[in-house]
Each structure stands twice: as C-alpha cells, then as structure tokens.
Amino acid sequence: MARPTLAVWKFASCDGCQLSLLDCEDELLAIAGAIEIAHFPEASRKSVAGPYDLSLVEGSITTPEDAERIKHIRAQSHSLVAIGACATAGGIQSLRNFADLDGMAAAVYPRPDYLDVLATSTPISAHVPVDIELHGCPISKYQLVELVTAVLAGRRPRLPKFAQCVECKAHGTACVMVAEGQPCLGPVTLAGCGNLCPRVGRGCYGCFGPVEGANVAAMTARFAELGLDARQIRDALRSFTAAAPAFAEGGQGNG
Amino acid sequence: MDGAAPMLPVRCRVASAQAEGADVATLTLEPVAGALSGGAPGQFNMLYAFGIGEAAISLSGHDEAGRPMHTIRAVGATTRALTAMEAGAELGLRGPFGTGWPVADQAGRHLLAVAGGLGLAPLRPAILAAAAQPGAVSVVHGARSPDTLLYAGELSAWAAEGTPVYLTVDHAAPGWTGRVGTVIGCLPPALAGHDPAAVSAFLCGPEVMMRATAQALSDAGVPPDRIWLSMERNMKCGIGLCGHCQYGPDFICRDGPVLRYDRIAARLTLREI
Amino acid sequence: MAERTIKVDALARVEGEGAIKLKIGPSGVEAAEFRIFEPPRFFEALLRGRDAADAPDITSRICGICPVAYITSANQAMEAALGVTVTPEIAALRRLLYCGEWIQSHVLHAAMLHAPDFLGLEDAFEIARLRPDLVKTALRLKKLGNELMEVIGGRAVHPVNTRIGGFWRAPDPERIAALIPELEWGIGAARDMTLDFAGFDFPQDEADYTFVSLVHPETYPIELGRIGSNRGLDIGVEAFAEHFAEEQVARSTALHARHGDAPYLVGPLARYANNFARLSDSCRDTAAAAGLGPVERNPFRSILVRMVEVQYACEEALRLARGYVPPDPPAVVAPRRAGTGHGCTEAPRGICHHSYTLDDEGRILSAAIVPPTSQNQKQIEDDLARVAGRFLDLDDAALQWRCEQAIRNHDPCISCATHALRPTIERV
Amino acid sequence: MDFATDSAVTIDGPQQVVRLLREDGWRVIAAVERDGALVTREIASADALPRGRVDELGPGHCRLVDGPPGRWFDHVIGPGGWKEWLFPPREKLWSAQREGQAVTFDDAPQPWPKTAFFGVRPCDLAAIARQDRVFSTGPGDPAYAHRRAAVLIVAVNCARAAPTCFCASMGTGPRAEQGFDLALSELDGRFVVETGSTAGAALAARLDAIPATEDDLAAAAAMSRRTAETQTRHMPAGIAGTLRSAPEHPAWDDVAARCLACANCTLACPTCFCSDVEDVTDLTGDHAERWRHWDSCFSPEFSLVGGGAVRASTRARYRQWMTHKLSSWHDQFGESGCVGCGRCIAWCPVGIDITQEARALSTEETPA
Ligand SMILES: Cc1cc2nc3c(=O)[nH]c(=O)nc-3n(C[C@H](O)[C@H](O)[C@H](O)COP(=O)(O)OP(=O)(O)OC[C@H]3O[C@@H](n4cnc5c(N)ncnc54)[C@H](O)[C@@H]3O)c2cc1C
Ligand code: SF4
Ligand code: SF4
Ligand code: SF4
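Protein chains in written order, with the numbering used here: chain A, 1 to 255; chain B, 1 to 273; chain C, 1 to 428; chain D, 1 to 368.
Hints were generated in silico from the structure; no laboratory data involved.
Model, not experiment: these values are computed from the prediction.
Keep in mind that the hints are not guaranteed to be accurate.
As the list claims (entries may be wrong) - Once the Cα atoms are required to be at most 25 Å apart in a straight line, the calculated PhoX-like pairs of lysine-lysine come out as: (1) K161(A) / K92(D); (2) K46(A) / K71(A); (3) K23(C) / K7(C); (4) K21(C) / K46(A); (5) K46(A) / K7(C).
Said to hold, decoys possible - Listed next, with one range per pair, are the computed distances between beta-carbon atoms: (6) S79(A) / P173(C): 53 to 59 Å; (7) H287(D) / F118(C): 35 to 41 Å; (8) D393(C) / H287(D): 20 to 26 Å; (9) D106(D) / L270(B): 41 to 47 Å.
Where a beta carbon is used, it is the ideal one built from N, C-alpha and C, also for glycine.
Generate the whole structure from the sequences, applying the supplied hints.
What follows is the structure, encoded as structure tokens:
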C-alpha cells in the first residue's frame, strides 16, 4: 500500500504551528516513514506534485492572492486540516478586522500604497471546506501526532470538545480564578493545550479559541465582578482568536 | 461475559459477513478462544474495531450454530470499520448487555413488531421467536426508500409463511406499489381483526417514530404496559459506569435498552432529556 | 555569454516565504533580488492602545521559531519604560530560557535545514537514511532545547510563563535539575557535531561584513549588552534608532534596515566576531579544532559558528541549571506609568530590537520592532550577487542551489520580517 | 454513642499517626497546600500538613489564609480530593496488539501500593461510600475495587464549617459515623481518636495515647454540634421529589443564562463518576490502547447520538446534572448523590450555588 502523502502550506502566520511538526522529535522519523512528506518547504527542497492525501494549512487569509491560492490547495487535497489559531480563527492579525486597515498600514509602512491586502484576516474555513481543525496558538504537538496517527489508523482524532477547565481539574491544577481572583478565559476556551497557563498560575488567554456554546456574556460579567473595566474585558477577548465569532461578539459589547 | 473484567473485550472472529445494502452489513461472529454467553433478543454487545473504537450493536439473532449475528449501519469511523470487515477479520466483543424483549411474557397475545429503518435488526430475533407460534406476530417495517428495506428476502419469506408484513417507505421509487408514509399508516391494518387490549407491541427505530407509534397504539387501545421501546443513547461502557446513557433515572445500558412505555411515556414528551 | 535568469519562487528550508531572482547578462550579475512575500501583519499598529503586558505575548507571534527573542526584548523594553529592574535570579532564569531557544533554533537550522546543502540532499529526512545517527543526535539536541523552553516557559513555541518583571511561576528545582545530565551530554554532542560538520566541503567565499551585535564586557551576549560593531560602533540599546534606519523598497517592499548608508550583518557570524574573547575556553577550542579563527568571513561556514554557539548555550544552560535558585517572588511588580523603553536581545539570527512609548496608564502609544532578518535583508541580497558572480561557471541547477545556499547561510526567518509583503507570484 | 467511642483514646497530635502508618508501609496521602489550594498528595510526615491554615470559601471563591495558630485541621477541603486516587482522571483499561488478523488483549492491572487516606472529612467519607456503591453495582469496576480494597482511612471530624458546607442537611456530617478505620477530633491541644475497624483498633493500640474520658468525648461531640450549627447553607427538604416534577421549571432558563457549562462542578464533585473512553494507537497502527478519563454531563459530546447531542442546551445540561445528583441518584442507588461538601459552589467560576438553585426550584421554600 502506498504511503499517504502529506503537504504543508503556509498563509499569514508565524510558522510556529508547522514548526510543531519538526518539534515532534521523538516521532518525526517514524512519521516521515509512515507518510510521504510530499510538500513541506520549511523542511525540504523536494516538492512532489499533488494531489495530496493530507494537507496541513497554517495561517489566515489576508491577501487577494491567498484567497485564490487556498482554493487550489483545497482542490488538490483529499483531506484538509487547518492548523492553529490563524487558520482556524484568523489569528492575532485579525485584530485588523476591528480597526481601520488604512490607518494601520500607514502606521507601519511609509508607502502603504504598495500593499495589496484584504481588509480582514479570515480563517481557512471562511474560504473553503475544512475537514478538521487543530486549534491553538500554536497547536499542541501532541494533537498533531494524534491527528497523523488517527489518519493512519482510519479513526477520528481525539480532539477535546470541552472547556479548558476539564484539563485543569483532571490535572489537579488549582483554578486561578477561584483561588486567586485572576481573570481566566478557561471556562469558555476549548481544551487541548494541556492547561498550560493555569499550570503556571496564569489565567488562560484563550489561544485555543471559544468552546462550542461558550457563554461569553456570563464570563465577562464575572470578569467585571473581578474588577476588570470594559476595555480590559474587550482586550482579554481580543487576542489570538479575536475573530472567532463568540469572542468577537463578546468584545463588541465591551469597551 | 467475564465478570472479572467487564471492560475487556473477548477476541472474536468474523465467521461470515453479509452485505445488506449500500452501507449495512451483517456479521456473524465466533470466539477465537473461550466462549460467548448467548444473549437474549433485544440485548446488545459492544463491538470493538481494532484501534478505532467501540460501538453498541444489538443482537440481530444467532445462526444455526448459535453464533451471534449483528447488523450494522456505517455512520462513523467505528461502524465503517466494522461493516468493512470480511470473514476472518478479528474484533473485540463485550456483552451481552441490557434488557431484552419480554417475548415469553406475551404468550397468548398478538405481538406487533414495529421497526423503523435499522430498528428491524434488534427486533428480528424477537420476531423469529414469536413466529414459532403461527399467527402470533405481525411485522410493520418502514424505511426511507424501497432499496433500504432491511432483510428484504427474509421479509418475503415471513410473509410467505403466514406472518402479516406491512411495509412502507418515505420516498417511493419507480416500481414501488406499496405504501408511502410513516409506519403510523400501517397500524390500522395491522391491528385490524385483533382486540387491541390483547395486543403487545415492540417498537424500535428513531425516537420520534417510536414516540408517535406508542402514542397511536395506546390511543387505539393497546395497553401502555404492553408496549416496549428500544431506546438509544450515547454509550461508552455498557455496564452503567460511564453515565452517558442516562435517560432520567434509567441507564439505557442496564435498565434498557428495552423499556416499557408506561414507565417512560412522560419522559418521551420532554425535550433534551 | 547568453542571458540567464535564476529564479526560485518559493525558497525551501527557510522559515517563512521568500523568493530569489537573478539576472545574469554578458557582464555578469545584473540584478539580484531576495524577496520576502510574507503577507504584512501590522504588529506595530495592532499593539496601539493595548496594555504594556500584551506586548510580549503579541510580538511573540511575529515568529514561532524565536518567540523568546521577542518576548525577552519586549519585556526588557517594558521594564525600562516602567522603571523596574529584575533580580539576578530572574535574570538568570531568563538567560536559561533563552539558551533553550538558541539550542533549538540553531540545531534546527544547522542540522536539518543547512546541512543537507553540504551533503547534496533535499532534506534532513534524506540524511536520516544515510546518517541516521547524525539526525538522531540532532533531534535529541533540539529536543533538549525545547525541553528547557517547556520546563521554564510552559511550552516551546510561544511560551506562556513569562511576563514583564519576570515569570508567572518559578519552575520546580527538581525539574531544572532533571535537565542537567542531558545538558552535560549536549555539550559533547554539540562539539562532535561541529567537528563532523567541519569536514564539509565549503565553497570558497568571503565578504568584508559590517558585523553588528550586542557586546558585553563579561559574557558572550545572549540577552544582555550594548550594541557594537567591528567598525567601532558602541552604543546603548536606546540609541539604536539614531544609528539604524529602516526603509521601504518598492521592488521587494520589505523594510530594509541600514546602518548609515551601508548594509550590515547581524547573527552568529557577527556575534562571534565581536565577542570571540567572551566564549568559554572549551568553545574556543572547538572552534579552533573546526578550523575557525577569531573572525569568520565565509558565510558558508556560519553553520560551524552556529554549532559552536550551541555548545556555548549548553554550557551556559548547565552552569545556570546547576546554580538555579527559584526566584521568589517570580516577578518584580511593574506599576503602570508613562515612559519610553527599549529592549534588545540576540535572537539566534541576530539582534531583535523593540521600543515602546506608553501613556500614563501603561497603554502602548507607539511600538517599533526591528527583527534580525529585516536587518540582514540588504546584506543577504549583496551576498546573493557576490556568490552568483563567483560561481558563474556552474550550470543553472547548480548555480541555483548555490544561490539558495547563499540565502540559507543566514538562516533568514522570513516570518520575522513582519514589515514585508508579497509580490504576485504564481505557485501551487 | 456507638462502639467506636468505647475504645476511644486521646493523643497529643497527628504526627505519630502518620509515622506509624509509614512504618507499617502505608503510602500516606493527605491534603497539602499547593498554589493557593488544598490538594491531596503523598506526605512523608505530618510536617507537610497545612497546619494553622484555613480556607476561606464562598461561591466561586477560595483563599488560603492564616487561621488560629497551631490548629491542624481548621481548613476544610480543596477542589480535588480522594476521588482522583480511587477513580483516577485518566486510566488505562487495556492494551491490544495486532499481528496480521490476530488481535490480542492485555489488561494487566496497574500496581497500587497500600494507601492510607489521612484527614478524610465526613462528607468525603460519605462520598467514597457513594462511589463504592456506583462502582460495585452490576458487574462493577474491578480496578476500582482493587484499589479500594487496599485503602485505610483516617477521618477527621470537622471543627470548622466553611460557608459553603451543608453536610448537616444531607446527613453526612460534620461528624463521621462510619466508613473509617480511625477518626480524629481536634480539641484544644489534643485529639480524640475513635476506631471504626479492627485495623483501626490495632493501630490505635500502638499509639502513645491515654484512654479518652467522658469529658473528652463530650467535648468532641460538642465540637461537632457547634460545627453543624454554624452551617449557613442547607439543601431544601424533599428536593428529590421536587426535581422529579420540575423538568420544565423556568428556573432552569435562569441558571442556564449564568452557567458557563465549564464542568468544574462535576469534576470537583466527589461523587460524580461519569467517564469517557478513548482509543489510542501508535504510528505503526499495530498497538492500541483504551483509556478511560473523567467526563462531564456538561461536555458538548456527552450525549452525542447519531443526530447530534441530545442535550444541546446548557439548560438541559444543568438540569441533567442537578436532577441526577439530587433526584435520579435515589432511584439508581437508593440515596442522594450529593453529600453537602460544597465543592461545586466554591469551585464554580461564576459561583452558582446548588442549594440556592434547589431553592429556586422548590415550591415549598419559595419566600412568599
Ligand atoms: C443499545 C444500542 C443498540 C444499537 N444497536 C445498533 C445496531 O444494531 N446496529 C447499528 O448499526 N447501530 C446500532 N446502534 C448505534 C451505534 O452504536 C452507533 O451508530 C455507533 O456507536 C456510532 O459509532 P461510530 O463511531 O461509527 O460513529 P460516529 O458518527 O463516528 O460517532 C461519533 C461518535 O458519536 C458517538 N455516538 C454516536 N452515536 C452513538 C450511540 N448511539 N452510542 C454511543 N455513542 C454514539 C460516539 O462517541 C462516536 O464515537 C445502537 C446503539 C445503542 C445505544
Ligand atoms: S491555557 Fe489558554 S491561553 Fe494558555 S496555552 Fe492553554 S488555551 Fe492557550
Ligand atoms: S453536588 Fe456539590 S455539594 Fe454535593 S457532593 Fe457534589 S460537589 Fe459536593
Ligand atoms: S454550575 Fe458552575 S461549575 Fe458547573 S458548569 Fe455551570 S458554571 Fe461551571
């Protein structure tokens, strides 16, 4: 049986999610043995033409060309997996969605007229159908290995659908909101990172994006009780998954 | 079932695999080592596809050699893997679990088996048992379309042997001259000639279909404590430990899946229970 | 000689997306372009109005390969603006974390992205088939770097445990101590790998670079020092903008940094040349055994300098791990106030400079971030032209590969070049 | 008083109990302070106990602060507890190997050293008994039984109730009646030790102790009475029946607007037992494992069937949790699933209070 082929693609992003693949030091050679890495420019000069069994797509869509390019990638991919906060929610660069793009461009570039960019940063799913999403800024390399393993085994990858709190409780991490009064987005954030922030005594900043059915209104009401003003509440929701609908709406009502 | 390790599957082999349509297959299983406990009509086993997962699958009968049979529809990864298995493939089995159809208790009464879609699979062993008494059972079976009627060959055989069989489809196809509509439409003809008070009914199918059917039957005079439904809920352990299959106070895996209508009639009217 | 065009539309084995284009005419190389086509992400703009504390985490997302560089430069800039100084224990833990990033990033580049060039292979997976031991050692070293980052930072990419003034929680001493045996191994492994790579057949090349790096009287600079050069520059990090300017070039539209009027080089070659005397004896010994002098001007040999730095980072990490005292409290409280602050640290690819101005609530009024790759971009282009000119006898395929190498020599991190945008190039 | 007090003794402090247990080879687990909360960990000596510390608890609130100096057990309970030992958050059920067609299974039990739970509060004793029943009903869970059989329990009667405690109204505390090997009551500067099993009696006999006097026993009883009297929360009477007839009560919508569906309440609850299983494979695809991990009726996929989640709304999920806990549990196991420990109140990030929600649903207690 031929090994399934893998392609890795990049859009507006920091490379951190695809780096997570190279960070699977213990599994990398086994992965490279089990699947054919057909297109992965960050790691290899070699590029085999499509179609591909599995495409990992990092980054968000921010330019007209990229909005076209993703369609070609979709057409060549049997299974398309969006990896990371950029690809699943628009990433940190989606903060532009809430601001005036021209003003932003002028702030960074002496000649903003050279730029050809879209007014918004949008997730891959806003442009083409996506089969699976790996969340996080960056993704968890354990979830990435699980994805590859599940694809090889023909099963659904185990990707939690519940809130970050479940990981904290299972891990025995004290709730930073209850025990320290720190604002934490964990209750409305998808699990998967391994409760990294609360484990170091820090409130979750929501990098895995909202959990399904997130009750952001109740969450932000609690933040207000903890002493955050409207602007702080808005900024708390506006980080790496700011454009995810639940967080975007929650931010609208504040600040 | 091995009482010491209720979560550990027994190693089984597919003795034969029979396609029942596009995405449905019946597997006959035999243990590779050791023995399987029998299992009564209405009970289910947890079938494990290696590395993929487990699914609750009802017994759809036993073959002449007493080997359990399961009819499975491919809806997700596990059931896809199970339905793709060929003779010789190995899988894990835990069970049997749950309550069965109270077939023996219906002696002297007329049994009406009402099946929606794949719901005919768990009813099949009950129908076969009841059919030992000529004229004791009638079968109502509804399907989406004529080509998704389950056990089509067996249905004709039953009819030929004198068991009344009423078929209906949601969407007719060219050449279909039978009924079109829900199973409710089959109930008046199926009940005709029987004293409803002396009729017992076993229902299996989608929850909405069972709710409407049970209501219609009791409206027609079939006693609510003579109607049984086979319920479905998410299920992970099969032995009342995982909590997933709770339906009000009942664990579907342990107190069900076959539950008596009068016990759950109120619950059936509640949303999201 | 006929006109030749060498084009690489999507450079491989670099972080981020870039392209090169060379035009060669009868008189030699007529044009050499190194283009960066990362879509712009407007970091400076989207920081405006945010609390000072948001800057380290947000700027970390400029680059997933060297997040600690961004986090540390931003934290230092904010501490300067807010007028706080961290304790020696916090400073030591910071340096230890940074060592993890150096090890991880350098080994990734040297062994997995750069080494294949010298072996004539497409990638590290091909090396793994021929020299599995080499790739396994490299992965183990890289993992060591990542483990340092995970133990201290919470995760390897975009660590979560850092904050202005220090850390959220000091790592358990047992977890730091558990890394010691592997660090002891790492020092030797890095040395062996340096000597192994020293046997590569390096193309002859040399350039008279202006080397710019941090300089420090006592230590090889990682997260500390003034900004200095081999041409006599010696300034505090707050004076960066007076000496270095960024400009936007229409052709490639990346912001190019210049020192006065000339290009300059940051990164391992610069750090090494400017701070050779600060390396440990054992690292200088490895350098000598690998044939490196106190200054290395052949960019193709930067792989060796990178590996010497890996050895140094392992030695430093070992020293810091052995002397680890959990900072208590883990962070110095930084009260909000108005101010301007600058921070500059040595990312694996060179200096990463941040400056921020805050209002009296500690909100960001303006931000300026100069990553290493945009500083090197002009120099890389010059390298490209020079290398192409030097190897014109090669056939197109070989010349193309050699030119790609000229870029990869500098481990450019195109994701870092946040100020860039992408010209229309059809790919896929 | 029952037999336990007949043989009661007094000792000067808990150190010797821990020492004795360790000498006898028990792994001693106790509540210690970690990152601002009480967590159960193995301890080497009584020095690790959070002596002099108390937990200020309220809805969605916990702070560990200094309490009366020298007092050993004036704190109450942390978010976790004994559940995570007897019913671990993640547990391998078995592994399987494939060779060609052949699939073989292996469920070698995980090693479990003999373990002493030190400082179990009465509500948690009741909670352990609840889970004992759950995990032994039907074919039961042999792994749980295996662990449970090797557990010795040293209970501590509560001298202080937190504002979140309501064990008195659940009949589970604040004094331990059964289910322990030893039970300690902390008086001023000394402890009354009662025995509840032959193993406990054997241990007590080896303590450096003096027989308890009538006064000691009276003081211990008075302490428990005082603790009960200071409880400010209680569960409305007849809540099991109330919930049976309240599935469409408007109060469910009200709580659903506040509830985050984050599952903290269920995971902190010492009786909640729901779990999920996951199938793990390696990259070769020939080795598979089945793991069980905690789940919650608040999880989006908990009630998934073919057509989607049965309980899609937070209203339905909260109703399931509370109705199961306070009502269906009686039908299933003949008792309440709530022991009044108050964890779900303290560790709910938004401070939802099960007793107050119960009151909102109770017709009998609605203020006129
Ligand atoms: C008592 C009982 C008897 C059943 N009898 C049969 C039968 O005879 N034939 C048949 O084809 N099907 C039967 N089912 C349904 C069958 O169990 C599900 O279709 C199957 O579990 C779906 O698993 P999957 O991984 O293939 O599907 P997926 O769509 O991949 O399922 C996704 C996930 O949904 C969950 N899920 C969906 N439905 C169920 C369910 N009913 N129970 C537990 N988890 C579920 C699981 O977590 C599963 O991993 C029965 C179900 C029950 C409860
Ligand atoms: S705790 Fe939250 S912010 Fe932190 S890593 Fe996890 S998902 Fe991201
Ligand atoms: S329901 Fe709440 S008070 Fe009752 S036992 Fe569970 S956590 Fe404790
Ligand atoms: S009641 Fe509280 S703890 Fe429980 S799910 Fe709702 S918000 Fe979370």
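Does K46(A) pair with K71(A) here, judged by a C-alpha cut-off of 25 Å?
22 Å, holds
D393(C) paired with H287(D), Cβ distance criterion 20 to 26 Å:
Because 54 Å falls outside the window, the suggested range is violated.
Has the given pair, K21(C) with K46(A), been kept, meaning a C-alpha gap of at most 25 Å?
Holds - the C-alpha atoms of K46(A) and K21(C) are around 19 Å apart, at most 25 Å.
Could you see if the CB distance from H287(D) to F118(C) stays within 35 to 41 Å?
38 Å, holds
Under the criterion that the straight-line Cα-Cα distance not exceed 25 Å, is the pair K23(C), K7(C) satisfied?
9 Å, holds
For the hint 53 to 59 Å, verify it against the beta carbon of S79(A) and that of P173(C).
45 Å, violated
Is K46(A) close enough to K7(C), meaning Cα to Cα at most 25 Å?
Given that 25 Å is the threshold and the Cα spacing comes to 16 Å, the pair holds.
Does the Cβ pair D106(D), L270(B) satisfy 41 to 47 Å?
Because 43 Å falls inside the window, the suggested range holds.
Hinted pair, alpha-carbon criterion (25 Å max): K161(A), K92(D). Please report holds or violated.
Measuring from Cα to Cα gives roughly 21 Å; hence the hint holds.
Checked against the numbered hints listed earlier, the structure breaks hints 6, 8; every other hint is satisfied.
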